[in-house]
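With the hints as constraints, model all of the structure from the sequences given.
Spelled out from the first residue to the last, the chains are:
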Amino acid sequence: VTDMSPTVYVVVDDPSIRSALENLVSSHGLRVETFPAAKDFLRGCPPNAAGCLVLDVQMPGLSGLDLQRELKEAGIHLPVIFITGHGDIPMSVRAMKAGAAEFLTKPFGERELLTAISQAVAHDRQARASRTELADLRALYDHLTPKEREVMRLVVRGLLNKQIAMGLGNSEITIKQHRGQVRQKMGADSLADLVRMAEKLGIDAPK
Amino acid sequence: MSESEFSALQGQSPNALRAGENEGLLSAIVNQSTVGVSVVDLEGRFQFVNDCFSRLVGRPREELLRLGFADVTHVDDLSQNMDMFERARNGEGNFEVEKHYVRPDGTYVWVLNNVTFLRDAAGVPSAVMAVTLISDRKRAEARQARATKHTALRAEVSVAFNEGGSLRAILQSCAESVVSHLDAALARIWTLDTGRAMLELQASSGLYTHLDGGHARVPVGKYKIGLIAAERKPHLTNSVQKDERVGDKEWARREGLVSFAGYPLLVEGQLIGVVAMFARIALGQDMIEALESIASTIAQGVERKQAEGALRESEERFRTVAESASDAIITIDEESRILFVNRATEKIFGHAAPSLVGQSLTMLMPDYLRHVHHASIKRYIETGRSHISWESVELPGLHKEGHEISLELSFGEFTREGKRYFTGVVRDVTKRQQAEEKLRESERSLRLLTEAIPQLIWSATPDGAIDYCNRHLLEYAGKTLEEMRGDGWVNFLHHEDVGYIMESWRMMVKTGEPFEVGCRLRRADGRFHWSISRGQPLRDAGGAIIRWYGTCTDMDKWKRAEGVLRETQGELVHLNRVMTVGELTSSIAHEINQPLAAIVMNGNACLRWLALDTSEVTRARASAELIISDGDRASQVISRIRALLKKAPSANSTLDVSELAREVIALTQHEVVSNGVNLRTNLGTALPAVSGDRIQLQQVMINLIVNAVDAMRGAEGGRRELLITAGKESGGVRVSVSDTGGGFDPRDAEHLFDAFYTTKSEGLGMGLAISRSIVEAHGGRLWAEPNEQGGATFHFTLPGGEEVSP
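As they're listed, the protein sequences go chains C and U. Counted the way the numbering used here counts, the first sequence spans residues 614 to 820. Counted the way the numbering used here counts, the second sequence spans residues 2 to 807.
Simulated from the structure, these hints should not be mistaken for laboratory data. Please note: incorrect hints may appear among the correct ones.
Said to hold, decoys possible - Straight line, CA to CA, 25 Å or less: simulated SDA-like cross-link-like pairs of lysine to any residue:
#	chain 1	residue 1	chain 2	residue 2
1	C	K719	U	I639
2	U	K250	U	H236
3	C	K719	U	S80
4	U	K250	U	K480
5	U	K480	U	M556
6	C	K710	U	H236
7	C	K710	U	S675
Dropping the structure here:
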């Protein structure tokens with residue numbers, strides 16, 4: 614996985630606004646890519662795009678909200694900053710509900726825009742990082758045998774070896790060996806470490 | 002000659018006489034005889050005469066033997082005698098004739114001559130004549146007997162005419178008398194027909210009694226009868242066989258007819274007919290005289306009879322005419338006594354017809370006219386001068402019941418036996434006068450009406466010449482009827498209108514079609530007023546135009562109202578535009594906000610580029626250029642809006658509807674998009690150019706787009722699609738705006754365009770009405786159709802010219 618330098622993707626139909634955004638954002642040293650329509654972005658967007666998306670809510674053809682939904686379905690997690698005309702309150706509410714990062718009403722100030730962009734980019738970076746750690750854990754976990762996963766599920770519940778051996782119908786020694794394998798394979802330093810991993814992977818926590 | 006002497010002569014052959022031994026004795030006998038004897042050859046020359054014969058004719062034998070019998074025959078008998086001799090010589094046999102010989106001293110003797118033809122031994126023929134003297138007494142007796150018969154004939158003819166009966170019966174009786182008293186074999190009478198070219202057989206007696214057949218009608222100038230009529234001269238012959246005018250000689254011979262006599266029937270030289278007869282005996286002078294005499298009687302009788310018939314007929318005709326006439330006919334004498342009145346007189350005057358005869362004509366007149374009448378008649382009889390027209394005069398009459406009646410009279414006069422009579426024809430015209438009075442009254446009131454009515458009225462002759470204008474029209478025009486008459490009314494028109502008005506007028510007169518034209522008329526004050534002139538023909542029962550009638554209606558107020566209306570419509574169009582633009586406020590705000598927002602951003606960017614250590618001047622300049630371009634864009638939007646809001650008179654320019662549509666779409670895009678409507682366009686290139694008002698046509702498109710978006714906003718759910726197309730149409734272009742909204746009931750397709758018809762809570766409902774009036778003012782058409790899959794499509798067409806160069 615190559616680390617993409619963050620880019621501000623601009624999808625706006627209005628040529629004035631599009632050029633102005635490109636100009637302004639690039640004057641702050643950020644990479645900018647512009648698209649006149651949502652379908653153009655869908656076609657030209659790299660799968661591991663990093664940064665943020667500045668999107669006009671009202672566009673002919675595929676609207677901003679439609680694009681937001683399509684990106685989610687495609688597993689692209691770029692934070693979206695919506696820009697809109699004056700008075701599109703209902704539209705703003707719908708956009709925020711759908712997980713928009715920010716909502717700017719034209720005309721907006723430079724600082725407003727740049728703040729929104731930098732926050733979105735930072736957020737994207739974090740999200741991207743956390744998405745990377747989990748992927749690693751998931752890869753380790755995928756290497757466990759089904760028996761070892763069963764053991765790990767019960768271990769992170771805080772059960773003793775004896776209790777686990779009884780529950781699974783194995784000897785205590787066998788459980789102990791499995792437990793060693795799990796800790797080694799997952800690279801966990803401690804039981805507490807293993808529990809945190811299980812939490813991230815979404816493995817059932819003890820009730 | 003005694004019978005015995007005769008037979009002795011006959012019994013002996015002449016040969017015996019010449020050659021016999023008894024010649025001397027015989028000669029003595031013959032010479033001693035008291036019978037005159039002569040022998041002639043076939044040429045009629047004497048061969049032998051005895052003493053007695055020589056004595057009878059008073060000439061010596063020697064002289065006679067050098068002569069022929071013709072030399073001693075009386076001229077009156079000659080032709081008959083020669084005729085008979087000729088026939089006998091040709092084998093007709095012996096004959097006997099009564100004749101008289103002339104003596105050298107001029108006296109004559111009447112004899113009976115018996116002629117016998119003989120042949121001698123050598124076959125040479127000769128004729129022996131035995132002559133006996135007829136005594137004067139005997140002759141006188143015979144003549145008397147004939148004279149008696151002739152007198153009877155004359156009397157019978159006269160009686161026949163006096164007794165009366167039909168002309169034909171009278172003439173038949175005459176013909177029969179001729180047969181019986183003149184010993185005629187056939188007697189016939191013809192009369193001349195009315196055409197004076199044909200003789201018509203009226204009577205026939207003797208051999209034939211029928212009136213039809215070959216001689217029933219004889220043309221004047223043809224055959225012997227027609228020639229008698231044509232020549233007006235009698236034709237007489239005692240030798241029918243020799244007469245060239247006798248047609249059928251074989252018939253005459255068969256019937257033994259010897260003589261013919263035909264007389265023209267003449268009265269004072271005037272031909273009436275022909276009377277003619279055939280006889281088996283020769284006609285004597287007295288017979289001819291008798292026939293001539295009755296011919297005259299018959300002629301006069303026929304003429305009188307015919308005149309009587311004509312008179313009676315004429316009288317009957319007059320009476321029929323007089324009695325059946327609806328006019329009164331009255332005849333008076335010089336004293337004004339009524340001699341005759343017809344039945345109609347009774348009806349008109351109330352007096353019974355018989356009671357009027359013998360009365361004075363003045364009883365049929367009002368008192369005050371009676372002495373005038375007497376004086377007039379008196380003066381006329383004395384001087385021949387009349388003071389009234391005899392052809393036709395209207396005078397009052399007096400009815401039996403005492404009231405006056407209106408009469409129309411005409412007179413005539415005639416004179417009989419030195420006295421004058423007057424006949425008047427009298428017509429009751431009371432009713433006609435009343436009707437005329439009524440008509441005049443109705444005309445007066447109609448005239449009054451046309452004069453009083455607050456309308457401009459005229460009439461013209463069938464060929465289009467003005468012959469009447471009512472008072473209002475004359476006052477309106479400030480002209481007299483004389484000035485307007487004929488073609489004078491042309492001066493009443495505006496000079497620019499004269500051409501086509503005269504053309505319409507000529508067409509009206511030519512085709513007989515009613516006409517209606519608008520034109521400007523010059524009023525009395527010199528100002529021109531708009532007017533509508535109409536003309537209508539009045540036709541007779543046969544469809545021919547009798548007259549033209551027409552009106553002029555002053556339309557000045559209407560024209561001015563029309564101007565005001567046009568202004569109001571202009572206001573309304575503008576109002577609609579302002580309101581439509583008002584509806585587009587958020588769109589417009591968006592349109593201006595876009596460049597403004599861009600300006601702010603570019604401004605910030607510009608500052609940023611300049612503030613950088615690297616001093617990105619190029620980028621800063623680019624930013625400034627963007628700012629300028631955005632500023633331009635904003636101002637364009639504003640001027641477009643201002644143009645739409647401006648109240649300007651319509652101005653024509655050459656337009657491309659696709660371009661127009663693009664501008665409108667730019668203005669309404671936000672409205673479309675913000676309502677979640679998907680806009681598609683199909684704007685053709687190289688469309689025919691349209692001539693019209695840019696703003697008004699854009700207004701139409703805006704109205705249609707805003708309506709379409711509204712229609713889709715109203716319909717919840719479903720897709721929202723707006724399709725705008727512009728393309729070629731025969732003769733121009735068509736623009737269509739199609740939506741997927743609620744559509745409309747096809748029954749409302751036309752109501753959609755009614756003013757104030759709206760389904761929206763806001764708005765006046767004028768948008769479509771105004772749009773349609775704009776399109777129609779551009780010569781186009783605007784209509785709506787429901788779409789098959791819901792929604793509606795509005796189309797409008799505009800006439801186009803050349804293609805717009807792309």
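Hint check results:
{"no.": "1", "hint": "C:K719 / U:I639", "verdict": "holds (19 Å)"}
{"no.": "2", "hint": "U:K250 / U:H236", "verdict": "holds (16 Å)"}
{"no.": "3", "hint": "C:K719 / U:S80", "verdict": "violated (166 Å)"}
{"no.": "4", "hint": "U:K250 / U:K480", "verdict": "violated (100 Å)"}
{"no.": "5", "hint": "U:K480 / U:M556", "verdict": "holds (20 Å)"}
{"no.": "6", "hint": "C:K710 / U:H236", "verdict": "violated (158 Å)"}
{"no.": "7", "hint": "C:K710 / U:S675", "verdict": "holds (19 Å)"}
In summary, the numbered hints that this structure violates are 3, 4 and 6.
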